[in-house]
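Colleague: Under UniProt numbering, the first residue of the sequence shown carries the number 1, and numbering increases by one thereafter.
For the record, the hints were derived by calculation from the structure and aren't laboratory data.
Source: prediction; values computed, not measured.
A few of these clues could be false.
[Unchecked claim] Computed spacing ranges between beta-carbons, pair by pair:
1) L70 with I330: 45 to 53 Å
2) D234 with S188: 20 to 28 Å
3) D158 with L124: 41 to 49 Å
4) T359 with G78: 48 to 56 Å
5) S348 with I38: 41 to 49 Å
6) S35 with D59: 30 to 38 Å
[What the hints assert, rightly or not] The calculated lysine to aspartate or glutamate pairs, modelled on EDC-like cross-linking and capped at a C-alpha distance of 16 Å, are:
7) K354 with D174
8) K354 with E364
9) K326 with E364
10) K354 with E342
Where a beta carbon is used, it is the ideal one built from N, C-alpha and C, also for glycine.
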Amino acid sequence: MGIEQSLSPGLSSRPMRWLLRRQRTAAPTFDLPRSAWIITAAIVTIATFLVLLFEVRPDYSYGLFLPPVLASGLMLSGRLMGVALAYCCLAFVLVAFIRTPDLTERAATSAIAIGVTAAIVAALDRTWTRSSGISHQVAATLLTDLRQRHEVQTHMPDLPPGWSLDSAVMPAHDEAFCGDVVVGCEVSGVFNAAVLDVSGKGSTAGSRAVLLGGAVSGLLGALEPSRVLPAINDYLVRQGWTDGFATATHVAVDLADGAFSLGSAGHPAAVQFHAGAGRWEAMTTEAGVVLGIIDHLTERDYPRVRGQLLPGDILVLFSDGVVEHKDVDISQGIDRMLGHAEREISSSIVGSAKRICQTARAGETDDRTVVVLRRN
Numbered sequence: 001m002g003i004e005q006s007l008s009p010g011l012s013s014r015p016m017r018w019l020l021r022r023q024r025t026a027a028p029t030f031d032l033p034r035s036a037w038i039i040t041a042a043i044v045t046i047a048t049f050l051v052l053l054f055e056v057r058p059d060y061s062y063g064l065f066l067p068p069v070l071a072s073g074l075m076l077s078g079r080l081m082g083v084a085l086a087y088c089c090l091a092f093v094l095v096a097f098i099r100t101p102d103l104t105e106r107a108a109t110s111a112i113a114i115g116v117t118a119a120i121v122a123a124l125d126r127t128w129t130r131s132s133g134i135s136h137q138v139a140a141t142l143l144t145d146l147r148q149r150h151e152v153q154t155h156m157p158d159l160p161p162g163w164s165l166d167s168a169v170m171p172a173h174d175e176a177f178c179g180d181v182v183v184g185c186e187v188s189g190v191f192n193a194a195v196l197d198v199s200g201k202g203s204t205a206g207s208r209a210v211l212l213g214g215a216v217s218g219l220l221g222a223l224e225p226s227r228v229l230p231a232i233n234d235y236l237v238r239q240g241w242t243d244g245f246a247t248a249t250h251v252a253v254d255l256a257d258g259a260f261s262l263g264s265a266g267h268p269a270a271v272q273f274h275a276g277a278g279r280w281e282a283m284t285t286e287a288g289v290v291l292g293i294i295d296h297l298t299e300r301d302y303p304r305v306r307g308q309l310l311p312g313d314i315l316v317l318f319s320d321g322v323v324e325h326k327d328v329d330i331s332q333g334i335d336r337m338l339g340h341a342e343r344e345i346s347s348s349i350v351g352s353a354k355r356i357c358q359t360a361r362a363g364e365t366d367d368r369t370v371v372v373l374r375r376n
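Can you build the whole structure from these sequences, using the hints too?
Modeller: This is how it looks when you write it as structure tokens:
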């Protein structure tokens, strides 16, 4: 960091301050990605080619100028977009009016169409930049990065021999983002996993889920299991989501002896398959408070249940989209899921989580998440 110094009297005049300010604001113009310059050069080349083409084929439609105009608005922003649009319009004027001085209906209607298209793409870019502070190209890049981070967060760790793990997150209507996120880690022989469900759907819930998943992934393994849900709640309260909340299930499994601790925050807990008895059991925990609503909650507000996974036992975590439906009671939804889970997991644990999600009664109308953990 540099140290600012006051200007000498000779540099303190208004013109000099204006010049320095202009230099500081103009510098970023040349710091554009190389791809933007390449796209601009390509659009200019295409517009020049069209001018030469109409010299040979004057009867061609002037609509050929619309693709470079649209490309300028969709692929560029700021001054480069203005340069590309201006060059395309100039090329059209050169072809339609200067080369043919007589104003024709064909040239007039084409001029209106191209002019309106250029005005629309410029207005959209300006509106987007004003509302978000960034261009739509940068926003698209950020969304792509956000989706990649979401996929990285939902990647579960490799467990040591003796354990099998499978997970799946399926957004509603096959959208790019969803409000469900699952995070997991294995630290010092203890496997931690959390299934989180953010209220809402689409990109808003998806962006919040990614932020929440990033925060939770930093908490898992760093805190005692009983402190995880209260810490997540404190984090969400600080975010100030006035119109949103989250539910979660967290489990910590000792991979040495299979002992586990399970807690829930307004979320369906889990189901366990007891291999010795050959039966499924719905884990019952006192429903903890949903996350992000009430501040200063403690471990007492998120009671946990303890159990153990013996060889052959299975533990399944899931989100409400897998078992809930407007026409079915949640207990019936769990029973239905258990029937599919027993068949799918016994077939092969690999891909079983996705297959269970696909059998959900709600179908693609809700986000679905399943985590399957088996002690071999």
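Colleague: Hints first: check each against the structure and report whether it holds.
Modeller: Hints versus structure:
{"no.": "1", "hint": "L70 with I330: 45 to 53 Å", "in the structure": "49 Å, holds"}
{"no.": "2", "hint": "D234 with S188: 20 to 28 Å", "in the structure": "24 Å, holds"}
{"no.": "3", "hint": "D158 with L124: 41 to 49 Å", "in the structure": "46 Å, holds"}
{"no.": "4", "hint": "T359 with G78: 48 to 56 Å", "in the structure": "49 Å, holds"}
{"no.": "5", "hint": "S348 with I38: 41 to 49 Å", "in the structure": "48 Å, holds"}
{"no.": "6", "hint": "S35 with D59: 30 to 38 Å", "in the structure": "36 Å, holds"}
{"no.": "7", "hint": "K354 with D174", "in the structure": "13 Å, holds"}
{"no.": "8", "hint": "K354 with E364", "in the structure": "13 Å, holds"}
{"no.": "9", "hint": "K326 with E364", "in the structure": "14 Å, holds"}
{"no.": "10", "hint": "K354 with E342", "in the structure": "14 Å, holds"}
The structure fails none of the hints (numbered hints given earlier).
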